[in-house]
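J.: What follows is each chain in one-letter form.
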Amino acid sequence: MITIRKFYYGDIPEGTAGHAPAEKQDSPATDWPLWEVFIRSKQGLDHKHVGSLHAADAKMAIENARDVYTRRLEGVSIWVVESKQVHASSPQEAGELYEPSVDKIYRHPTFYNLPDEVNYM
Amino acid sequence: MDSSLFDFSLYVADSALVLGQRNGAWCGHGPVLEQDIAITNITLDLIGQARSFYQYAATLQGKGASEDSLAYCRGEREFKNCLLTETPNVDWAQTVLRQFLFSSFQCELFTDMQQDPNHTVSAIAEKSLKEVNYHCRWSGEWVERLGDGTPESHRRMSQALINLWPYTGELFKPASYEKAIGIDSAALQGRWMNRVQPVLEEATLSLGNLLHVYMHTGGKSGIHTEELGPLLAEMQYMQRMYPGCDW
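Protein sequences, first through last, are from chains A and B. Start counting the first sequence at 33; every next residue gets the next number (this note's numbering). Start counting the second sequence at 200; every next residue gets the next number (this note's numbering).
Derived by calculation from the structure, the hints in this document are not laboratory data. None of the values given here were measured: they were computed from a predicted structure. C-beta: ideal position from N, C-alpha, C; glycine also. Any given hint could be a false lead.
[What the hints assert, rightly or not] Below, a list of computed lysine-lysine pairs in the DSBU-like style, where the Cα atoms sit at most 35 angstroms apart:
hint	chain 1	residue 1	chain 2	residue 2
1	B	K329	A	K116
2	B	K329	A	K80
3	B	K329	A	K74
4	A	K74	B	K378
5	A	K91	A	K116
6	B	K378	B	K262
7	A	K91	B	K329
8	A	K91	B	K326
9	A	K116	A	K74
10	B	K372	B	K326
11	A	K80	B	K262
[As the list claims (entries may be wrong)] With beta-carbon atoms standing in for the labels, derived distance ranges:
hint	chain 1	residue 1	chain 2	residue 2	range
12	A	P65	B	A385	43 to 49 angstroms
13	B	Y436	A	D63	38 to 44 angstroms
14	A	A126	B	P397	51 to 57 angstroms
Just need the whole structure built from these sequences, with the hints factored in.
T.: As structure tokens, then:
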């Protein structure tokens, strides 16, 4: 029997996060999905993750995000994504995913000495 | 002093303050965390609107009047809030419906007030209109979700409509001070119905016989229901016990 583990919030397994496990077959209609909220500040260029909330649908999620996360003019644009649509890398795989890059300094542009003629590229 | 302008400012301020006080009872008791914050945000907006109009009324009255003396030291017979704002919370359905019916009205009233030649009135209306547009949108969506929801939510929302509709007529019966400063609230009724009816339809709520129900009045001239007394007693307690107190 293959057990598929889905990670709902970043890479925290749902067993410790307290959310409903993915193996559950029927979820009652009263369970509102969890949404991740991203806000772009007035001076910013990118939406930053600020937290999460429960809502019944996308419209309510945006309004809830507006009510909860923009009270102090933290932002002027809101993105909401259902948490189950966020796919995260597994912490156990961190070794094979990220460590090989540590000693490959030739991948940085500053590793190369440019001749003066093109130094200000 | 232009007493009509003073009375009108009090009417707008009192209505916002009383509804704010009503909504404030939900603080910490909302059905869901985000909705608890939503209703208290709306309450803060309402209290902000009330403060603006109380401050203006205080400058009109002079003689040492302040926003606090007007909010805390007047009794029921002096309060001019419309009766809809003092109706009890009962449950979430009635609370969001009350907000929707009142915010839709505020939308239309403030739109007209924006055109008022009085700069203070039009400036406060312009700022408040942005807040009120959100209140309308938020509460309207909840009316739809609960009306067209489960059998229980539909039952509660239908009951809320029966409870609240008889207090909507008063909104469009102008008091003498409204007419004196040129606000024709009777003319707002058509525009208000154009906002309210589509939402009620979407929420599968029908007005039916409610369209001919007896409409309660009196709030705008200080004649209130039995609800306002205890509400003011709680709200004004500290100022009455320790007059002039501050933190």
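J.: Give a verdict on every hint.
T.: Evaluation of the provided hints:
Between the alpha carbons of B/K329 and A/K116 the distance comes to roughly 34 angstroms, so the proposed pair stays at or under 35 angstroms and holds. Pair hint B/K329 plus A/K80 holds up; C-alpha atoms about 26 angstroms apart against a cutoff of 35 angstroms. Restraint check: the Cα-Cα separation between B/K329 and A/K74 comes to about 19 angstroms, which is no more than 35 angstroms; the hinted pair holds. Of the pairs offered as hints, the one joining A/K74 and B/K378 is violated, with about 43 angstroms between alpha carbons and a cut-off of 35 angstroms exceeded.
At roughly 17 angstroms between alpha-carbon atoms, A/K91 and A/K116 fall within 35 angstroms of each other, so this suggested pair holds. The straight-line distance between the Cα atoms of B/K378 and B/K262 is roughly 26 angstroms, inside the 35 angstroms bound, and the hint therefore holds. Between A/K91 and B/K329 the alpha-carbon distance is near 19 angstroms, which keeps this suggested pair within the 35 angstroms criterion. Between A/K91 and B/K326 the alpha-carbon distance is near 24 angstroms, which keeps this suggested pair within the 35 angstroms criterion.
This hinted pair checks out: A/K116 and A/K74 have alpha carbons roughly 28 angstroms apart, not beyond 35 angstroms. This hinted pair checks out: B/K372 and B/K326 have alpha carbons roughly 25 angstroms apart, not beyond 35 angstroms. Our distance criterion of 35 angstroms between C-alpha atoms is broken by A/K80 and B/K262, whose separation comes to about 52 angstroms. Take A/P65 and B/A385: their Cβ atoms lie about 46 angstroms apart, and the range 43 to 49 angstroms holds.
In this structure, B/Y436 and A/D63 meet the distance hint of 38 to 44 angstroms, their C-beta atoms being roughly 42 angstroms apart. Separated by about 53 angstroms at the C-beta atoms, A/A126 and B/P397 satisfy the suggested range of 51 to 57 angstroms.
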